Amino acid sequence: MGLTSEEEKQSEQYQIFIGKQLNKSIHRVKGKNMVEFAEALGDTNPKYVKIGMTADGKPDYSTIIAHPSYPNCFTVDAAFDIVNWKYPLKEGETEARKLITNYGKVLHTAQSYDYTKAEVPIQHGQKLYSTGYLEKAYIQKGRLWLQSHIDTHTKDGKLVVQTKVMVVIREGGF
Amino acid sequence: MVQLSELKVGTELRYVYGPVTRDGIIKYAFASGDRNNIHTNDEFAEKMGLKGVIAHGLYSLGMVARCLGEIASDKGKVVKLSGQMRGMVRPGDEWIITLTVKKINGDLVDFDFVEESKTLIKIEKDGVVIKKYEAEERGWVSEKDIAQNLIKTEEVAEGILHYRLRTAIPGTATIKMV
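Which chain is which? The protein sequence lines are A and B, in order.
Residue 102 in this note's numbering sits at position 101 of the first sequence, and the numbers go up by one each step.
Residue 251 in this note's numbering sits at position 12 of the second sequence, and the numbers go up by one each step.
Please note: incorrect hints may appear among the correct ones.
Straight-line Cα separation of at most 30 Å, DSS-like style, residue types lysine-lysine; simulated pairs [unchecked claim]:
1. K370/B with K33/A
2. K128/A with K165/A
3. K118/A with K128/A
4. K316/B with K59/A
5. K51/A with K314/B
6. K342/B with K361/B
7. K383/B with K106/A
Simulated from the structure, these hints should not be mistaken for lab results.
Please read all numbers here as calculations on a predicted model, not as lab measurements.
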């Protein structure tokens with residue numbers, strides 16, 4: 002990260018949050034949403050949007066796969082749990098201080114998706130569970146940087162994707 | 240369209256998407272579930288010091304996934320994608336994505352990529368500004384952009400177009416051949 006000694010000192014107060022678990026988020030995968038997500042990116046690749054038809058005339062979403070960046074739909078919820086985090090209550094305080102005081106100051110700065118250990122693909126009808134923890138927290142150039150690691154599994158525990166989300170909170174937001 | 244099997248180390252692929260629109264950003268906000276007002280409400284974004292709405296960083300990264308999907312076609316799948324959102328992308332910008340094959344190891348093809356945003360500023364003819372784009376009107380181009388030599392020009396039918404070309408997202412990706 003290349004922090005200065007002053008930044009390292011400023012970062013110390015955030016170390017209590019490292020390893021803290023994010024709230025588990027639950028996401029129901031719907032074929033209709035998978036198609037809308039790909040279309041929002043202007044992506045008309047048939048593998049993401051060309052749905053079939055069942056014998057009784059209903060949409061058949063088993064013909065499509067999720068767009069590779071579709072996990073945005075559930076990692077955003079999972080990662081933004083940190084918006085609700087608070088410092089431990091200190092003596093004399095009646096209300097714990099918030100880690101992030103202004104949501105409008107939060108910006109995404111990095112994201113990764115890793116499917117290499119995935120056991121099953123993302124498919125219509127799945128109920129997915131995202132769990133994770135805060136991996137990094139530091140001050141650099143006057144901003145607070147927070148990186149979360151999130152694993153997303155099916156109901157029976159099969160991994161579908163691993164995600165890392167880095168957000169930065171600008172001055173006035175923490 | 241390039242075939243996955245034809246790629247060699249050093250092969251460079253270029254994709255241009257856009258322009259970004261406010262409607263497109265809102266559509267992405269609803270599709271992804273990220274409805275932070277800095278992406279959808281100019282007034283709110285200005286209060287947050289952003290000089291108007293910005294596209295989601297993940298919307299821009301999604302455009303990289305889009306071209307990777309094209310490259311993979313039905314002969315491969317995207318197994319890794321990682322990007323750092325460095326430059327804000329705004330309505331009117333174009334995404335210019337350049338992917339370079341870094342390594343081919345068995346059935347895995349590794350890429351480095353750079354996604355740039357092209358921001359139209361103004362058109363001049365005979366030294367007179369004949370058209371101003373939103374970036375010029377709202378002050379989206381900074382002194383820093385000028386100092387970093389990010390402002391470019393090109394001849395267009397109406398005159399000389401001034402635009403900014405800067406890195407929005409650098410990153411890496413991997414496609415697995417199937």
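- Message: When the structure is checked against the list of hints, which entries are broken? Sort them ascending.
- Response: Hints 1, 6 not satisfied by this model.
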